[in-house]
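S.K.: Based on the provided sequences and hints, a complete structural model is requested.
Here the protein sequences come in this chain order: A and B. Quick note on numbering: the first sequence equals residues 1 to 522 in our numbering. Quick note on numbering: the second sequence equals residues 1 to 235 in our numbering.
It is possible that part of the hints are untrue.
Sample of chain B residues lacking proximity to chain A, with all beta carbon distances greater than 10 Å (derived) [stated by the list, open to error]:
#, residue
1, LEU61
2, GLU157
3, SER161
4, LEU192
5, PRO210
Here are the simulated BS3-like cross-link-like pairs (lysine-lysine), alpha carbons at most 27 Å apart as the crow flies [unchecked claim]:
#, chain 1, residue 1, chain 2, residue 2
6, B, LYS53, A, LYS276
7, B, LYS224, A, LYS519
8, B, LYS127, A, LYS304
9, A, LYS300, B, LYS53
Interface residues of chain B toward chain A, partial, derived using beta-carbon atoms under 8 Å [unchecked claim]:
#, residue
10, GLU13
11, ASP22
12, ASP51
13, SER72
14, ASP73
15, THR83
16, VAL84
17, GLU86
18, LEU88
19, GLU92
20, ASP99
Hints listed in this document are in silico derivations from the structure and should not be mistaken for laboratory results. In this text, a Cβ means the ideal position worked out from N, Cα and C, and glycines have one as well.
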Amino acid sequence: MFKSFRQSFSLKCTMHTNMLIHALRQVPLLKKLLTGDLYAEEGFKIVARVLVILFEIASTFAVKALYVAAMILLPTLLYSEAGMDRSSVFLHFMLLLTLAGGISNGKFLILKRITDYAVNLLRMDARRYTLANFLYTLVRVIVGFLPFTLIFGLLCKVPLAVCLLLPFCIAGCKMIFAAISLKYYQKFDILPDQSKLSLLYIIVLTAGAYVMPAFGLTIPKFVSVSALLLMIPVGLACWRVLIGFDKYKEMLSRCLRKNQEFMNKSKHVQRDASRKAISADTGITSSRSGFEFLNELFIKRHSKILWSNSLIISAVLVFILAAAIIVMIRYPKTKETLNSGVLGILPFSTFLLYALNRGTSFTQACFMNCDHCLLTYSFYKKPKNILRMFRIRLREIIKINLLPAAIIGIGYVTVLAFSGGTERPIDYLLLLGAPVCMSIFFSVHYLTIYYLMQPYTAGSELKNGLYSVVTTVTYIACYFLMQRHLPLLQFGIVCMIFCISYCIIACILVYFLAHKTFKLRQ
Amino acid sequence: MKFVISHLSKHFEKKEVLRDIDFTFEEGKIYGLLGRNGAGKTTLFNCINSDLKTDGGSFYLENDGQQQPLASDDIGYVLSTPTVPEFLTGREFIKFFLDINQGSIKQLREPDAYFDYMSILPEDRDKLLKDYSHGMKNKMQMIANIISEPKLFLLDEPLTSLDVVVAEEMKQLLRAQKNGKITIFSTHILDLALDLCDEIVLLSHGMLEPVEKSNLDIQGFREKIIEALREEDHV
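M.R.: In structure tokens form, the structure reads like this:
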């Protein structure tokens with residue numbers, strides 16, 4: 001069995017090492033420095049392997065520390081402040097969550113790609129592979145939990161002996177559930193992770209764990225300790241069931257097949273969703289010609305994901321505005337708060353408009369259902385046609401995003417006027433103009449990065465590190481601005497100047513570069 | 001008209017996929033491009049179609065000794081997986097193509113004439129392309145190339161996944177359309193290449209090599225091609 005473990009662990013390390021190298025090669029600046037030869041570079045592979053092993057060790061402790069601290073210690077301290085016995089609450093949580101975790105997190109069949117490689121491709125003995133890896137999981141459970149059940153348990157006044165034995169109880173519980181799932185499979189032909197009862201069981205136990213103390217109820221300490229300790233001998237007795245089971249190969253293959261079907265489905269989810277977004281209404285027509293004809297049909301047949309959302313968002317915004325006006329009329333005291341609120345709302349609006357803009361959905365639909373195929377036709381890649389489509393699309397995405405932005409701007413102005421106005425008339429202009437400019441900025445931004453970085457492969461996968469970096473930076477910048485309290489006049493003016501300048505620069509870049517960059521990635 | 005490839009090279013990291021390729025293709029012929037898996041057939045097509053940057057060399061059209069750069073309009077590229085905009089109906093797709101190529105079409109025809117030519121039934125013509133079968137999508141792709149009349153027609157494994165009837169129809173179509181253009185047909189299926197193509201070209205060791213039929217019968221020619229492809233193992 002040790003040999004099986006050594007082989008599978010070595011396979012896992014190799015796989016993770018190669019994944020690490022692959023991930024490093026996706027980083028824009030490192031991409032050119034790190035060539036494919038790195039996979040054969042012994043020195044680098046040793047470093048990567050050490051990193052992988054260090055990560056394995058760190059994750060053994062980190063996840064458990066987080067689990068015990070957040071799920072058990074924190075609620076225990078909260079309830080003990082309300083006067084409940086700290087050790088009883090700690091053990092109450094420990095028992096119920098261990099039982100819930102036994103089934104939810106105790107899948108002893110490791111249904112990952114690596115199991116498929118090990119059992120199906122490398123023909124490793126399924127029984128030995130499963131048992132060796134399960135034993136390894138148990139060792140990680142015991143070693144990983146021990147420091148934290150000890151520290152946090154003692155902090156909650158749980159006896160030292162119990163603290164030391166708790167990790168063994170958790171491991172015992174996992175063994176019990178592993179044996180139950182095997183028996184279940186033998187008797188009812190239900191795969192370990194397919195039982196619908198298990199979800200209900202997990203919900204009831206978890207809810208019970210947290211709701212009971214709220215009503216002043218906990219499982220008596222004696223019962224919790226006895227039940228937890230009982231898991232050790234019962235778990236050990238269950239080991240015989242695990243060893244005696246002879247259908248590991250069959251069960252693993254069935255589980256892996258199910259898993260594979262699920263993975264295949266999720267792989268095509270985005271593609272299928274894009275196809276489904278196409279309206280089947282053949283009554284939709286266009287009287288235009290050429291690219292305008294193509295665009296009009298595209299917009300009309302994708303109205304579900306483009307205009308419908310924009311209209312729903314707009315309706316909600318109108319509703320919020322109406323509600324704000326009613327509140328100000330009925331409760332005049334709120335006017336002051338709303339007045340100062342709206343005068344400082346522009347930085348927050350950056351994030352709001354970022355969240356509401358349809359740029360990503362628009363470019364995604366453009367690629368999946370249109371450019372993905374038309375980019376294989378030479379006429380579509382002609383520079384003048386790329387620019388023509390860019391102009392048409394820019395107009396469309398600006399229109400889609402502009403409606404909610406205009407409502408937001410009008411809403412700010414209306415709220416400001418109703419709530420007592422402002423001394424500077426320019427404030428009205430800024431509150432109306434800035435959201436509109438931001439909306440145009442986001443429209444231009446997303447379309448520009450799509451045309452300059454075209455991030456999708458022919459297989460519709462998102463595969464451009466720089467594109468991901470730019471979208472992440474956009475998010476962080478908007479989030480950062482949301483947290484700031486900046487004066488309306490300065491922020492409004494700077495924001496509008498920035499948006500207009502960005503749009504001009506972006507369009508110039510597209511004009512000069514798009515014919516080189518807007519193509520299918522190989 | 002000739003299509004000339006001169007000193008074309010392309011490498012990925014240290015692997016030289018195309019190595020100083022020199023070859024001349026002639027008008028009116030269908031060239032069967034054969035090569036082992038990973039030989040670089042798709043890379044060659046992608047370079048010609050400007051989807052990949054080349055490392056060196058050039059390619060151009062030659063008319064009566066005059067060199068002309070290969071413009072994107074001159075190329076028709078058909079992939080093994082048919083690519084058509086699925087949000088359009090068959091008729092809308094043809095209308096769009098006719099609009100785009102209006103100035104350059106010699107014999108403008110009604111969309112139905114193209115459907116009839118490709119044996120696409122009237123009841124299918126106003127369906128969305130997303131509801132078309134693989135074979136029908138392939139036919140639509142061919143219509144697009146018939147309309148745009150490219151001078152150089154690249155086909156990357158186009159008949160592999162078609163049923164026998166559609167595959168036969170496509171073969172006949174390619175034969176009927178070969179005049180006035182250069183057709184390069186990449187395939188793994190030797191029988192298909194022998195049946196359809198006028199010339200066989202091997203992409204081997206990153207270079208293009210014609211296989212002369214000489215006086216060989218079909219079996220002898222087949223064995224000669226297989227032998228030439230096998231040689232790659234001994235390098």
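S.K.: Taking the hints in turn, state whether each one holds.
M.R.: Hints and how they fare:
1. Distance check on LEU61 (chain B): its Cβ is at least 14 Å (rounded) from any Cβ of chain A, clearing the 10 Å threshold; non-interface status holds.
2. Distance check for GLU157 (chain B) against chain A: the nearest CB is about 14 Å away, which clears 10 Å, and the non-interface claim stands.
3. For SER161 (chain B), the condition that its CB be more than 10 Å from all CB atoms of chain A holds, with the nearest at approximately 16 Å.
4. Against chain A, the non-interface label of LEU192 (chain B) holds: every CB pair exceeds 10 Å, the least being about 22 Å.
5. A cut-off of 10 Å between C-beta atoms confirms that PRO210 (chain B) is not in contact with chain A; the least separation is 27 Å.
6. Distance check on the hinted pair: LYS53 (chain B) and LYS276 (chain A) sit about 35 Å apart at the alpha-carbon level, beyond 27 Å; violated.
7. The hinted pair formed by LYS224 (chain B) and LYS519 (chain A) fails the criterion: a straight-line CA distance of about 39 Å is larger than 27 Å.
8. For a cut-off of 27 Å, the pair hint linking LYS127 (chain B) to LYS304 (chain A) stands: about 19 Å separates their Cα positions.
9. For the proposed pair LYS300 (chain A) and LYS53 (chain B), the alpha carbon gap of about 36 Å is over 27 Å, so the pair is violated.
10. A distance limit of 8 Å between C-beta atoms decides the matter here; for GLU13 (chain B) the minimum to chain A is near 5 Å, and the interface restraint holds.
11. Checking ASP22 (chain B) against chain A by beta carbon gives a least distance of about 24 Å; that is not within 8 Å, so the hint is violated.
12. With a cut of 8 Å, the hint placing ASP51 (chain B) at the interface with chain A holds, because the nearest CB-to-CB distance is about 6 Å.
13. For SER72 (chain B), the shortest C-beta to C-beta distance to chain A is roughly 4 Å, which falls under 8 Å, so the interface hint holds.
14. Hint status for ASP73 (chain B): holds, given a least beta-carbon distance of 6 Å to chain A, under 8 Å.
15. Hint status for THR83 (chain B): holds, given a least beta-carbon distance of 3 Å to chain A, under 8 Å.
16. Using the Cβ-Cβ criterion of 8 Å, the hint placing VAL84 (chain B) at the interface with chain A is satisfied: the shortest such distance is roughly 6 Å.
17. The beta carbon of GLU86 (chain B) is positioned within 8 Å of a beta carbon in chain A (closest approach about 6 Å), and the interface hint is therefore held.
18. Proximity of LEU88 (chain B) to chain A holds as hinted, the smallest CB-CB distance being about 6 Å (cut-off 8 Å).
19. Annotation: GLU92 (chain B) was flagged as interfacial toward chain A, and the flag holds, the nearest CB pair being 6 Å apart, inside 8 Å.
20. About 4 Å separates the beta-carbon of ASP99 (chain B) from the nearest beta-carbon of chain A, less than 8 Å, and the hint is met.
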